[in-house]
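As they're listed, the protein sequences go chains A and B.
For what it's worth, my numbering labels the leading residue of the first sequence as 1, then goes sequentially.
For what it's worth, my numbering labels the leading residue of the second sequence as 1, then goes sequentially.
These are calculated hints, taken from the structure and not from any lab test.
Quick caveat, the model's predicted, so the values are computed rather than measured.
Each residue gets a CB set at the ideal place from its N, CA and C atoms; glycine is no exception.
The reader is advised that the hints may include incorrect statements.
Coverage of chain B stretches by chain A, computed from C-beta distances (three or more under 8 Å per stretch; other residues unrestricted) [said to hold, decoys possible]:
#1 12–22
#2 31–40
#3 44–58
#4 162–169
EDC-like, lysine to aspartate or glutamate: derived pairs with alpha carbons at most 20 Å apart [stated by the list, open to error]:
#5 A/Lys-76 x B/Asp-14
#6 A/Lys-76 x B/Asp-12
#7 A/Lys-76 x B/Asp-172
#8 A/Lys-76 x B/Asp-20
#9 A/Lys-76 x B/Glu-169
#10 A/Lys-76 x B/Asp-16
#11 A/Lys-287 x A/Glu-219
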Amino acid sequence: MYIVFLSAILGHTQNKQLLYDFTRIPQVLMQNPGADTNYQWHVGLPFLSGVYFNAGSSGFSVYDVFADDGVDINDKIRNVINKADSNDIMTINEQVEFLYGGFKGNYGWHEDNYYSFGWYQELSHFNYWPNDLAILAYDGNRNYIGESFNLSHASVKAELVSVFHFGIQREMSDRFTLGGRLKVYSGIADVSSTNNKGRFFTEFGQRNEYIHSIIADLELQTSGYKIIDALEDGDNIADNLYQRFKERAFFGGNLGLGVDLGFSYRLDDQWKLTASILDLGFIHHSKDVKNYTYNGRYDFEGLELLFPGVVDDNNDVYDYWQNLVDDLRDLYDTTSTRYTTLRPVKFNSSISYSFGRPGGKICDCRATYRDYVNKVGMHLFMIHRPRYPQTALTAYYQRRLTDFLDVKATYTIDKFSYTNLGIGISSRIGKFNFYILADNLLEYENLAEAHNASVQLGLNYIVPGRN
Amino acid sequence: MFLSSVGSCVKDVDFDQINDIQLTPVFEGSLVFFDLEANKFVEEGSEVSSITDFTRLDALSSSFSVNNLVRADLHFEFVNTIGRSFTLTINLLDGEQQVLRTLQYDIPASSGSQVEIDDTVVFTGANLQQITNLLIMEVEVMLNNGLPQLAETSEGMLAMNSSATLYLEIADEE
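Isolated chain B (complex conformation) (with noise of 0.2 Å):
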């Protein structure tokens, strides 16, 4: 009886919207990075023509970003202080080791002053299975051919930051 009186008095109110809510949160996170010294590219007295290295990154594949990742956009940021250019390539593998995605950068060399670039990469609609099916990060280094010659005692450094944006959304599954 004091149930049935309490259902009376409850009004205006509409459960059904629990299947609206939408969580739309949005994360900036850390990805890789390094700092390489001129000489990392010199062996023995003679010069390295390309250094390699990459990482597993499975963050972004499980299954959650999977079904709930809208939108994600990777910056990046180099940084040249070596007197000689090089070039930068990222691919973005699957589990199958299969290139998902290449980004190209070609870093100038630097005159003294340091040379910055900036990138930012949105990946969104069909694209974003290059997220959501990433498993590894190659990161490819050439040192591209010229002057100076580079050697143990060479000055200055290559680096690169970057970053992920990610947009999620969050919602009940039908």
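Same shape as in the complex, but just chain A (with noise of 0.2 Å):
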């Protein structure tokens, strides 16, 4: 019954609901570069600043597989491919910071604003189930005369990026702040292959026992191949993986441009509305393109035999089957045509209620809103896939335990889950603020159980504001 109920939970890739609004962490402003911080200054610990890893799959776990039960792992991937359908996704996300740092505008117009920069590094895949294709592998053709498989359902995205981003905040009242930040990306890899369409499929024939048909409208698209050349040239994958990456790291890639957008409003001293929305943008490919297609129908009867042989006039006998071979090929082809892909936007929203003061001091009139020691909220997060976005919605809350002490815990539903608690520690000792935050725990039992988890965590040098 556990599993059964686990089985239905849609991972939630990308999803921050943790680091969203807790502005004890400088890293917010990667959420919402509208964040109403106050920092002085601050900067990350190169490489340690902001790791963060989320893998998830909606249709089964590792657990469903490879749970050591004594049952046949053979049994368990049956049910595995009965169960999972095609809007089933299996995703990976990784980031690292290697720089990020921020500091406060210090006279006239500066004054009110807040800069912040860095570098950083992510890796994510993204892939619906292949069902139908799976299907066919699993079980071949033979109880499905009569049926379609649906080609559509490969469906994948991969991507290598390194970005270098540049955001301004600014105070642009005491109640509303706005921000803004700019993304310059550089793709090193790229695999995309999310608009296919057609079918595969076996009928009764006329003239012969079977007709196959296939009608394709495939395209698999890819840049920065020659990474995975250097993956496939075994000797010396190290060395040559940080050559290439080095090379399309800096600007070397395949460059794209893009925004993050976002605002925080304090409708009174209690309540607190913001929104995001990040990475709108694109990354044109042109460097190591090469892009696959498969494109056309062809309906295979089998091979009619004309009698008698034919021989040409080379001596050589009329090849049916190289006949086969080659109308099908004709309907393969490759290309460097270069491509444009847009990243995965995101969009956030939250409403917050802040209530509580330390000591229970009833009114203290010249307190701010920043003296409040308890936060309740809702957050929305809404990414864009490509078939449909993939919406979670988060409540939570918030509490500063003691001076150097924040902490956060959030309860996220989304489309199947009901049973997703996390939470998020920020700590500052002296200036030094190190803060983990990590979701799914009741999963963490059984790590292995688990349909999505995510973790992040860092380490950051702030100096605080004034007020």
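Given two chains presented individually in distinct reference frames, assemble the corresponding complex, making use of the accompanying hints.
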């Protein structure tokens, strides 16, 4: 029962519900460039200021396949294939900040601004479960005569990018903070195949036992394949990869541009509304581009022997087989046409209510909103996916436990899951800020059963603002 | 520190099972077919006693099939509406044109209604190499002596359908 329930959980990659609006952590500006932070300046520990990892699989878990339960793994795979469907998703997302820092402007117009900048690397993989293709590979077509295998089930997107960014957060008024961030993407490698259409089917034929038909409009676009070549050159994988990575990561890759926009608005001392839109941008792929297409229709009823065997001028036999191979090959093409991918756009919005003052003081007229120790809120997250946006809704509670410790607890539901609890801790020891955020805590008991889990942690040095 | 704690809370999982994964798909596929009109056996007014055609068929001899094919069934179906009997010989040949297997069918003459012959040949075990080494399929159609004499205007048709059922076992190679 428990497993059946879990099987319905949808992974919600890149939803950073724990970080969003957690303004004690400078990385909050990466989730909302208009977050109302209050720092003089900050700098992240290089390579360790922001490490993020998330993996999700909505259709089945590692445990469903690899449980050490005495059941034949092939039976377990059979169950998975029966259970999963073509809208189940599998995701991996990993980010490492190489550099991250920020400072407050200190004269004139700049005084109300906070500038932040940095460089991070991001690896993301997303695919829908290729349901019909899995069935075809696992069962073959024998039991599916007259039924179609849907080729659009093949949908995959993977990219490795290096991102340079510069953002401005400006306090427009006591209540209103606005922010924007410009991003330059340097695409290191990309694989994208999300608009496939077509089907393969076998029916009883007229002139022969079966007629097999393929109607296809398939395309796989790739850039940066030299990275993949480097992987295949087994001897020096590390050296080769590092070399390629170096070339590509510093603006040497496939370049793109994007923006993040966001704001925070205090309705009063206690109510706050925020929203942000992230990675509104594109990458233009022009280097190391290799695209594969398979396009057209072919119906095959068998090789028709025409009798007698035809021998041509070169004394070669007319080759019915080669004809078929050539016809099928005609549908296939490779190009190096440049292409453009949109980055997965994310949308966040929250409304929160702060309350409770330290020491139970009912009225301290000099106190500001920053003095409340509790905050409850709701957070909406959406991310664009090839077929439809993925949505998650989070309720959260944040509390300043002591001067040096803030905690945030989240409860997230999305289309299928009602059990995602997360917790985040941000501590300040001196001016050092350490944070760790992790969700799907209920499943940490056995991570293999988790359909989705994410963790983010980092170390910063923060000089707080004066008020 | 985090990673080690993750390690400790992954339990009851045995990744060695990956070695036991075995896919066992079964594919149905059309092979060769023909529809021969009666006049195909007439040339310049007289009967032709035998006609032959052949085709390369090397899908089954790819290294993939060699490694993963565990059984193959070839199905043949013959329909005769010509008033004469035939002997049909199917030779499975390898790359050196050596005969791996010969299948022979006697097709009786039609006496108005259509004559149907079905056969399924199963290849397993040692016989399987007759399929995995198969490169050329040769079909010879012999018109047996008899009457009525065939002419350009003779009615009827001799047809063959064929298909293969391929049983695969795809497993991690040790």
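Here's how the hints hold up against the structure:
Counting residues of the region 12–22 of chain B whose beta-carbon sits less than 8 Å from any beta-carbon of chain A gives 9, enough to reach three: the coverage restraint holds. Judged by the Cβ-Cβ criterion of 8 Å, the region 31–40 of chain B is covered by chain A as claimed, because 7 of its residues qualify and three suffice. For the region 44–58 of chain B, the assignment as covered by chain A holds, since 8 residues bring a beta-carbon within under 8 Å of that chain's beta-carbons and 3 suffice. With 5 residues having a Cβ less than 8 Å from any Cβ of chain A, the region 162–169 of chain B passes the three-residue criterion, so the hint holds.
Only pairs whose Cα atoms come within 20 Å are accepted, and A/Lys-76 paired with B/Asp-14 is accepted, the gap being roughly 13 Å. Restraint check: the Cα-Cα separation between A/Lys-76 and B/Asp-12 comes to about 15 Å, which is no more than 20 Å; the hinted pair holds. Restraint check: the Cα-Cα separation between A/Lys-76 and B/Asp-172 comes to about 17 Å, which is no more than 20 Å; the hinted pair holds. Between A/Lys-76 and B/Asp-20, the direct Cα distance comes to roughly 12 Å. Compliance with the 20 Å bound is thereby established for this hinted pair.
In summary, the hint linking A/Lys-76 to B/Glu-169 is supported, as the alpha carbons are separated by about 17 Å, within the 20 Å threshold. This hinted pair checks out: A/Lys-76 and B/Asp-16 have alpha carbons roughly 14 Å apart, not beyond 20 Å. Distance hint between A/Lys-287 and A/Glu-219 is fulfilled; the C-alpha atoms sit about 18 Å from each other, no more than 20 Å.
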